[in-house]
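Protein sequences, first through last, are from chains A and B.
What the first sequence shows, in the working numbering, is residues 21 to 293, in sequence order.
What the second sequence shows, in the working numbering, is residues 21 to 293, in sequence order.
Think of the hints as simulated: they come from the structure by calculation, not from any bench.
Bear in mind that the values here come from a model prediction, so they are computed numbers and not experimental data.
Just to be clear, a hint being listed does not mean it is correct.
Heads up, the list lumps identical chains together, so a pair's fine if it works in one copy or across two of them.
Claimed, not checked - Subject to a maximum C-alpha distance of 27 angstroms in a straight line, what follows is the list of computed DSS-like cross-link-like pairs (lysine-lysine): (1) Lys269 to Lys166; (2) Lys215 to Lys269; (3) Lys215 to Lys183; (4) Lys158 to Lys240; (5) Lys79 to Lys269; (6) Lys152 to Lys269; (7) Lys269 to Lys151; (8) Lys183 to Lys197; (9) Lys287 to Lys54; (10) Lys79 to Lys287; (11) Lys166 to Lys183; (12) Lys151 to Lys240; (13) Lys240 to Lys269; (14) Lys54 to Lys152.
2 protein chains.
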Amino acid sequence: MRECNADAPIGVFDSGIGGLTVAREIMSQLPEEKIIYFGDTARLPYGNKSRETIIGYAKQIRRFLESRNVKAIVVACNTASAYALDTLCEDSEIPVVGMIHAGSKVATQVTVNGNIGVIGTSGTTSSGVYKKMMDSLKPGLNVIQKACPLFVPLVEEGLWNSKITDEVARMYLDELKEAQVDTMVLGCTHYPLLKETIARVMGDNVRLVNPAYETARELKEILREEGLLRVNGGRSTGHEFYASDLADKMQEFAGSILTGESINTSKIDITEY
Amino acid sequence: MRECNADAPIGVFDSGIGGLTVAREIMSQLPEEKIIYFGDTARLPYGNKSRETIIGYAKQIRRFLESRNVKAIVVACNTASAYALDTLCEDSEIPVVGMIHAGSKVATQVTVNGNIGVIGTSGTTSSGVYKKMMDSLKPGLNVIQKACPLFVPLVEEGLWNSKITDEVARMYLDELKEAQVDTMVLGCTHYPLLKETIARVMGDNVRLVNPAYETARELKEILREEGLLRVNGGRSTGHEFYASDLADKMQEFAGSILTGESINTSKIDITEY
Chain A
21 MRECNADAPI GVFDSGIGGL TVAREIMSQL PEEKIIYFGD TARLPYGNKS
71 RETIIGYAKQ IRRFLESRNV KAIVVACNTA SAYALDTLCE DSEIPVVGMI
121 HAGSKVATQV TVNGNIGVIG TSGTTSSGVY KKMMDSLKPG LNVIQKACPL
171 FVPLVEEGLW NSKITDEVAR MYLDELKEAQ VDTMVLGCTH YPLLKETIAR
221 VMGDNVRLVN PAYETARELK EILREEGLLR VNGGRSTGHE FYASDLADKM
271 QEFAGSILTG ESINTSKIDI TEY
Chain B
21 MRECNADAPI GVFDSGIGGL TVAREIMSQL PEEKIIYFGD TARLPYGNKS
71 RETIIGYAKQ IRRFLESRNV KAIVVACNTA SAYALDTLCE DSEIPVVGMI
121 HAGSKVATQV TVNGNIGVIG TSGTTSSGVY KKMMDSLKPG LNVIQKACPL
171 FVPLVEEGLW NSKITDEVAR MYLDELKEAQ VDTMVLGCTH YPLLKETIAR
221 VMGDNVRLVN PAYETARELK EILREEGLLR VNGGRSTGHE FYASDLADKM
271 QEFAGSILTG ESINTSKIDI TEY
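All chains, please: the whole structure from these sequences, using the hints.
Okay, structure coming up:
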């Protein structure tokens, strides 16, 4: 491990704006930590691209975050976690935390009937990463994965509560209802914003697991173990936001979900890293 | 102009697979021409990215196509045409044809009441490129532009005919109906695949203009003027397809819309150009 200072910032990245829901959880649970956020808006989305391409993108982003002297990296994107986490961890001198472990762990703990649904992008579900993780944590569960490619564009179109989104949710989720899942992982950072619709379609008896919340908890635990938790510094105010394109648009979205934070977003050329 | 051979191929590019609808029109109207197709599947979509980013991408792609010795380039993507056509034309030694001119021209010719609708991505509609082009061709028309960001993901999800797509189409198109447009430009290469739905929502009295068809006609005219039209060579069979990611997936889609063609798709690293 590289020599790190507990006062160093935490790097958080995503293909775009979805990872801001993870940043929000980190700010809420670890208010003293400073965050360096990067959204790869010039190349988003990641969900319909290949493993090889995503690994290449993620390595560039790690080099950028390392250049900012972060003490840990959170891969706040399920697809990037699915494809690139192993590679990023392999030769890293700092902790790298993905989205898959913490949510999987909670899902395996709370299910009663052993039927767990996982919804995500095509990349996340076809990689089978959640199923493999749950199998390793608690063998013998029935994990059903379902890609929901229209959910991200619906969120980005602002249709968080709409008849159209209800229809689309029913189209995707009916087979998970029929399979009688009692627990469902929202395996894409945009999906918590559709939580109400998804809950309405799935019914009251299905427990929805939000990996953003669970990952922020796991991050706190890891930082504590490594002696990297920032304490007694007071609430952090100097978060930094970067995007590879349309920094203004990301700033606007960040402002709408990170209320009360001072947000200043800069554009960088990520291919230089 | 660079010395060119009429037997040289035509370069056609798009952010992904949508431009294959343009390639299909070119193959149909210019069956003797050989096509080199490039889809930028590692960085798609273009519709929600900035002008500056799209210009950078388009210049890389032009360098790739030039390395394949094409005699002309078709920018088979409305967003790239909107943002990058001027730059690509500026210092080009070969003809560069975009999607905007030919469709605009036909729309201005066929409208009776002067109310023309243009639907496309956010990039295309916010650039105002169709409106500006029509204003220059025939001043005084009432051109109403409307972004339809969900149409592309709906096509890619296979929902070409679905209750959901009907609902989304009504949501987007109602204001164009109220504005009593009698002519509507399908300003995104994916949209001709939703032609039935769009026609149903708009009604029989609205004439739909497909820029892919009109652009292939315009290309033929330009090649003839430049002495670059391939004649008496027989039907071309050696089309080449390239993608920056997921070549297999593009090959599958190409097979479904270019029936009867022999398709072999290769992956290239476009950032090397």
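For each hint, the structure was consulted:
1. Lys269 to Lys166: between (30 angstroms within a copy, 19 angstroms between copies)
2. Lys215 to Lys269: within (23 angstroms within a copy, 31 angstroms between copies)
3. Lys215 to Lys183: both (15 angstroms within a copy, 23 angstroms between copies)
4. Lys158 to Lys240: within (23 angstroms within a copy, 63 angstroms between copies)
5. Lys79 to Lys269: both (25 angstroms within a copy, 24 angstroms between copies)
6. Lys152 to Lys269: Between copies, since 25 angstroms is at most 27 angstroms while 36 angstroms is not.
7. Lys269 to Lys151: Close across copies (24 angstroms), not inside one copy (35 angstroms); limit 27 angstroms.
8. Lys183 to Lys197: Result: close both inside a copy and across copies, 19 angstroms intra and 21 angstroms inter.
9. Lys287 to Lys54: within (19 angstroms within a copy, 40 angstroms between copies)
10. Lys79 to Lys287: Result: close both inside a copy and across copies, 18 angstroms intra and 20 angstroms inter.
11. Lys166 to Lys183: So Lys166 and Lys183 pass the 27 angstroms test inside a copy (21 angstroms) and across (21 angstroms) alike.
12. Lys151 to Lys240: within (25 angstroms within a copy, 53 angstroms between copies)
13. Lys240 to Lys269: This pair counts as neither: shortest intra-copy Cα distance 30 angstroms, inter-copy 40 angstroms.
14. Lys54 to Lys152: neither (33 angstroms within a copy, 46 angstroms between copies)
Violated hints, listed in ascending order, are 13 and 14; each of the other numbered hints is respected by the structure.
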